[in-house]
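Visitor: Using the sequences and the hints, build the whole thing.
Those sequence lines, one after another, are chains A and B.
The opening position of the first sequence corresponds to residue 25 in the working numbering, with each subsequent residue numbered one higher.
The opening position of the second sequence corresponds to residue 1101 in the working numbering, with each subsequent residue numbered one higher.
For the record, the hints were derived by calculation from the structure and aren't laboratory data.
One thing to keep in mind: the hints can contain errors.
To be verified - Computed beta-carbon distance windows for the label pairs:
#, chain 1, residue 1, chain 2, residue 2, range
1, A, R267, B, F1352, 28 to 34 Å
2, A, S29, B, G1356, 50 to 56 Å
3, B, G1455, A, E72, 52 to 58 Å
4, B, L1113, A, R267, 54 to 60 Å
5, B, E1149, A, N81, 31 to 37 Å
6, A, A226, B, G1356, 30 to 36 Å
7, B, F1352, A, D113, 22 to 28 Å
8, B, V1148, A, D113, 19 to 25 Å
9, A, I528, B, L1195, 39 to 45 Å
10, A, P115, B, C1296, 52 to 58 Å
Just so you know, even glycine gets a beta-carbon here, dropped at the ideal spot from N, CA and C.
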Amino acid sequence: MSYKSPLEDFQRRIQISLWFVIFCLFVLFLRFFWLQVIKHTKYSTASENNRIAIITNPASRGLIYDRNGIVIAQNYPSYSLEITPAGIDMPIENLLDSLNELILIPNKDRQQFLKGLPTAKKTESIAIRNFLSDEEIARFLSQRFRYPGVEVQVRYFRDYPYKSLASHLLGYTGKVSVKDRETLAAEFEENSDDFTTEEARALRVKGIQYMGKIGIEQSYEKHLRGLPGFNQVEITAGGRVVRNLSSTPSTPGNDLTLAVDIKLQYIIEQLYGNRRGAAVVIEPATGDVLAFVSMPTFNPNSFTDGIDADLWKKLNDSPEKPLFNRPLRGTYPPGSTYKPFMALAALEGHFRTPTQGINDPGFFKFGNNVFRDDAKGGHGFVDMRTSIAMSCDTYYYMLAKDMGVNAMHNFMKPLGFGQLTGIDINGEVRGILPSTDWKKSYYKDPAKGKWIEGETISLGIGQGYNSFTILQLAQATAILANKGIVMKPHLVKNIEDPISHEKILTVPSESARLQLKQENLDVITQGMIDVNRIGTGRVPFDGVQYTVAGKTGTAQVFSLGSKDYNAMNVTEFKRDHALYIAFAPAENPKYAIALVVENAGFGASSAAPITRQALDYLMLKVWPSGVPEWKNAH
Amino acid sequence: MEKRTLIYRLSFLWNGFDPTLALILFGLVVVGSITFLSASSGTVISWVEQARNVSMACGILWITSRIPPKWLEKISLWVYLIGIALLLGVASFGLIKKGARRWLNIGIVIQPSEVMKIAMPMMLAWYFQKREGFIKQWDFLVALLFLILPTVLIARQPDLGTAILVFAAGLYVIILAGLPWKFILPFLILGLLGICLIVIFGDSICAKGVSWPILQSYQQHRICTLLDPSSDPLGKGFHTLQSMIAIGSGGFMGKGWMQGTQTHLEFIPEKHTDFIFAVYSEEFGLIGNIILLILFFLLIKRGLQIAASAPNLFTRLLGGSVTLIFFTYAFVNMAMVSGMLPVVGVPLPFISYGGTALVTLGLGAGILMSIHRHRRLVQT
Chain A
25 MSYKSPLEDF QRRIQISLWF VIFCLFVLFL RFFWLQVIKH TKYSTASENN
75 RIAIITNPAS RGLIYDRNGI VIAQNYPSYS LEITPAGIDM PIENLLDSLN
125 ELILIPNKDR QQFLKGLPTA KKTESIAIRN FLSDEEIARF LSQRFRYPGV
175 EVQVRYFRDY PYKSLASHLL GYTGKVSVKD RETLAAEFEE NSDDFTTEEA
225 RALRVKGIQY MGKIGIEQSY EKHLRGLPGF NQVEITAGGR VVRNLSSTPS
275 TPGNDLTLAV DIKLQYIIEQ LYGNRRGAAV VIEPATGDVL AFVSMPTFNP
325 NSFTDGIDAD LWKKLNDSPE KPLFNRPLRG TYPPGSTYKP FMALAALEGH
375 FRTPTQGIND PGFFKFGNNV FRDDAKGGHG FVDMRTSIAM SCDTYYYMLA
425 KDMGVNAMHN FMKPLGFGQL TGIDINGEVR GILPSTDWKK SYYKDPAKGK
475 WIEGETISLG IGQGYNSFTI LQLAQATAIL ANKGIVMKPH LVKNIEDPIS
525 HEKILTVPSE SARLQLKQEN LDVITQGMID VNRIGTGRVP FDGVQYTVAG
575 KTGTAQVFSL GSKDYNAMNV TEFKRDHALY IAFAPAENPK YAIALVVENA
625 GFGASSAAPI TRQALDYLML KVWPSGVPEW KNAH
Chain B
1101 MEKRTLIYRL SFLWNGFDPT LALILFGLVV VGSITFLSAS SGTVISWVEQ
1151 ARNVSMACGI LWITSRIPPK WLEKISLWVY LIGIALLLGV ASFGLIKKGA
1201 RRWLNIGIVI QPSEVMKIAM PMMLAWYFQK REGFIKQWDF LVALLFLILP
1251 TVLIARQPDL GTAILVFAAG LYVIILAGLP WKFILPFLIL GLLGICLIVI
1301 FGDSICAKGV SWPILQSYQQ HRICTLLDPS SDPLGKGFHT LQSMIAIGSG
1351 GFMGKGWMQG TQTHLEFIPE KHTDFIFAVY SEEFGLIGNI ILLILFFLLI
1401 KRGLQIAASA PNLFTRLLGG SVTLIFFTYA FVNMAMVSGM LPVVGVPLPF
1451 ISYGGTALVT LGLGAGILMS IHRHRRLVQT
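Guide: As structure tokens, then:
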């Protein structure tokens, strides 16, 4: 090699570098030529077939069982007709018209589909019709080649096999609304540990198509829902899945086992027949709600895929208010069912002794007002036990006057009257447990808000301002039966992970313990046993084979003043409500019950027989004669 | 006459600018912007941000072109030492993102390895300038040590892509400085042999349970998926496969601007940044690719010309190295996107979206401009 100056050497090296660059760029050119010219057909086909889609993978919603393992809410597969906008080869309107010739697409579905179309992802399939029949599927499949981008897919729907049975406690699921989505997104963001990216969160939200709107379905939504997964799939131009690229599996929701005995629920609902009302059965020792009846009921299956407007209007406009959750939200004056609690208040507060009695003239005069007793001419000599058994109003008018409104309020409050029980579904109302403070805050005008002495009198017989839910009445009865131990009522007994079978018990927790004297409780219990033995409940409880403590009640729907009340003269919706409370067996109560039959008149004639038959079923396993067999319940 | 005076007065703005180089860069930025619009349609990344990045890069280019190379020479050692200090800082208390410790919080979050891409060739060019006239073989060894230290620090972050680029930048200086061919050729032959061996015995060395020396398992994985993209169609292989489909389906003429299905159906990963070439290639076809290759060729050619006519050893080595780094970026990126090289994070110069890369590139182009501008002023 001849000597070169450093500069010459450098320039030579630059020259070599340039040739090296040319060589490399030429290699690149060859590579591009290979891919874009020689292999063009192969890659062109690949790109034609190449469509990616994210398919959300809905989580299966948790099942709901009754306390004996009977499934009362489940999911069932149904075929839906779905369109992938990216895959279709004709204008959407024409496609819908053409499809309509094969499968009827109601205008409502069509409008809904077109409304959602602009915001939907083009590569994601959207349902146009749900619940295809076998015939419809067959008709479409034979013509499928004409419709690229249209597919039949399986979707899962919520199903309540017993239809309207227990509808108020179960509630229903419905389509997720725009607002729900926002709530869900916020909720997922809060627990963002679980979902790393915003995209993943959005996909999860998208995967939730139905959610609980009311009842247990709503209050246990987070448990029932599970977590949707998603699959990233490669699909053809026509929308058919070629292969799975990645998949994030869904997590099924947790199953619920209710405290409710669905057969008991069925019997009570059947016993109501066409009558309206509410009934709650509680196991005093645990707070398990064995039955939670609201009549009339509705069919929650109607809501699963969006209720149609006509039915919705019909349900809402009905004077019977079938959508109204009566035991939870309906408030009634307790009527004479309040008397055992009043009697207990008298004993505990030393206002009366058990043997202390009155002579009942059939009315009580306070100022210029006359408060009447049901029995014209009165009950004669009445002690505490008799006052309960015979439901003597005069006894309690006097007691109320002696106690005063605030003493009554202070005793009744721990029993849960006018208080939220904290049951595990949403929407519970408080009702009214009157006191001077309550009235002051209720009326803005201080003149109106002043307590009038005369208002105290009718409180003693569960009338006046008193207004409680049947749930509260049942809870108070359960507390009485449980000797003062307050157990929070609950509809759900345990929550179970369907994969690990790990159970979370909604543990019955003692929320309070009232200091009640056993001898006082015994007096009340004896009075209530007498109700069904010799008192107002003796006819419906004739020949009963277990001890049962009860109390009848009649709640005035509106005040009739001092006029005689004649049930037949009053239009049905203004007639009195019939109430009944009971617990059995009296000495060691396993069941506490409270119920109302709306506008049914005297408590003993309609509410007590339902109680009798429900208790016969619970205590003796006797299926009531008028109730169709369980196997017909579907 | 007044007009001429105004132009004359303003002429300092572009005085000494190399019009050829400026025109080529402009062409590349135009290609990049057009492709960017297609890649970003329907996403949240706004073109305003890209415009801001490009303007910023232009600003840096302009400022750098005003700096006399003599000054660059003076600060070279310090820039290098600061770079090393920052890299050591990263190694001891850097921020960890996505499993790599690459960032340092010094009030603002910076990535010191990026600094090294320019600091490395400056340092070595400075060293050879110092030793000009007395360069012995052991000087190359010393230069190699200067080079190895930051390379190892970066590779350990781990950031193999940047480590390779920094190493290459330094290596170009060493080779251009006159590293004897007897040292270059054996490595070249060994390298070629290694590539052939990997390709031939790909199946057995990529079999399960085989782990390679030096490389991390994810790097081994990348090389193996390169050899057979279908071995991992869901992971790294998926990206390569999809970008190959994009390029291949573009054909001779391309699918047309905004018409790339691979791009618009979200098959292309990182379609604004590292994989933007797939977007371009799908929409503009082989014709477009030839235009791009020519643009890059012209860029390199012009850069090497500038280096060749540079006034002293420092500017010659720096100019040559910076130019070859541009080439390395472009080659590695296009080869990676077309499935010839494993996927490493290397952007396509002047085309990929991203502030950091544009800053580095603007700096590099500015240095070239400055060398060109001062070619006669500092003539020795």
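Visitor: All hints are to be evaluated individually against the structure, with a verdict given for each.
Guide: Evaluated hints:
| no. | hint | verdict |
| --- | --- | --- |
| 1 | A/R267 to B/F1352: 28 to 34 Å | holds (30 Å) |
| 2 | A/S29 to B/G1356: 50 to 56 Å | holds (54 Å) |
| 3 | B/G1455 to A/E72: 52 to 58 Å | violated (36 Å) |
| 4 | B/L1113 to A/R267: 54 to 60 Å | holds (58 Å) |
| 5 | B/E1149 to A/N81: 31 to 37 Å | holds (35 Å) |
| 6 | A/A226 to B/G1356: 30 to 36 Å | holds (31 Å) |
| 7 | B/F1352 to A/D113: 22 to 28 Å | holds (27 Å) |
| 8 | B/V1148 to A/D113: 19 to 25 Å | violated (37 Å) |
| 9 | A/I528 to B/L1195: 39 to 45 Å | holds (40 Å) |
| 10 | A/P115 to B/C1296: 52 to 58 Å | holds (56 Å) |
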